[in-house]
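Student: What follows is the residue order along each chain.
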Amino acid sequence: DTEVTQTPKHLVMGMTNKKSLKCEQHMGHRAMYWYKQKAKKPPELMFVYSYEKLSINESVPSRFSPECPNSSLLNLHLHALQPEDSALYLCASSQGPGANEQYFGPGTRLTVT
Amino acid sequence: DAKTTQPNSMESNEEEPVHLPCNHSTISGTDYIHWYRQLPSQGPEYVIHGLTSNVNNRMASLAIAEDRKSSTLILHRATLRDAAVYYCILSGEYGNKLVFGAGTILRVKS
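So the protein sequences, as listed, match chains A and B. Just so we're aligned, residue 1 is where the first sequence starts under my numbering, counting upward by one. Just so we're aligned, residue 1001 is where the second sequence starts under my numbering, counting upward by one.
In short, the hints are calculated from the structure, not lab data. A quick note: this is a predicted structure, and the numbers were derived from the prediction, not measured. A portion of the hints provided could be inaccurate.
[Unchecked claim] Here's a subset of chain B near chain A, in silico, CB distances under 8 angstroms, partners left out:
(1) Gly1029
(2) Pro1040
(3) Pro1044
[Claimed, not checked] 27 angstroms max Cα-Cα, derived BS3-like pairs, lysine-lysine:
(4) A/Lys18 - A/Lys53
(5) B/Lys1097 - A/Lys22
(6) B/Lys1003 - A/Lys38
Cβ atoms here follow ideal geometry from the backbone N, Cα and C, with glycine treated the same way.
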């Protein structure tokens, strides 16, 4: 199983809502990532988890809160988002930190109204 | 993070080879060169990576210049399914920190 799954596929939320994005992999990978991709732009790294610990935070606003409850699961909790946060949120995993191949999920398309 | 420069777009005919160039003149000795591609409406997909020597896998070949300041991704026989944005990325200090540039949009004509 070389798949990274993300739920939901699409999400529409208001600026006062709280929602969560979920990412799962069953490849035994110990590094997981969140990326944000605006329309017609390249993906931008947000967070990296290594062995369930946050290792990189690319100065992401606190309205985005990542969580790694176990080695297979990665969540991104969203609160008080702005319309400019509307984007495709991509999750990825790799065998370990420093591994050269990342596997990406299909993303969650988020719209903030 | 060291930067890469790629053409905005390229066009190829189906079943012909495609050579996608990437310049990375500020590459450091420990930087790996990665290529990912992103098909429409999908997440990025790993294609290939290398450090100094040329590399081959089932998807593509990676040719790295001797001075490592440039590289070329080679698709041996382009198909319509290869139409995508191709990203050339240097891994930087952390092997897992990918900084995507603008990439090259590859169009494949039948």
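Student: Run every hint past the structure and note whether it holds.
Tutor: Outcome of the hint check:
Proximity of glycine 1029 of chain B to chain A is violated relative to the hint, the smallest CB-CB distance being about 16 angstroms (cut-off 8 angstroms). Look at proline 1040 of chain B: its Cβ only gets to about 12 angstroms from chain A, farther than 8 angstroms, so that hint breaks. With a least beta-carbon distance of about 5 angstroms to chain A, the hint placing proline 1044 of chain B at the interface is held under the 8 angstroms criterion. For a cut-off of 27 angstroms, the pair hint linking lysine 18 of chain A to lysine 53 of chain A stands: about 23 angstroms separates their Cα positions.
About 21 angstroms separates the Cα atoms of lysine 1097 of chain B and lysine 22 of chain A, which keeps this hinted pair within 27 angstroms; it holds. At most 27 angstroms may separate the alpha-carbon atoms for a hinted pair to count; lysine 1003 of chain B and lysine 38 of chain A meet this at roughly 20 angstroms.
Checked against the numbered hints listed earlier, the structure breaks hints 1, 2; every other hint is satisfied.
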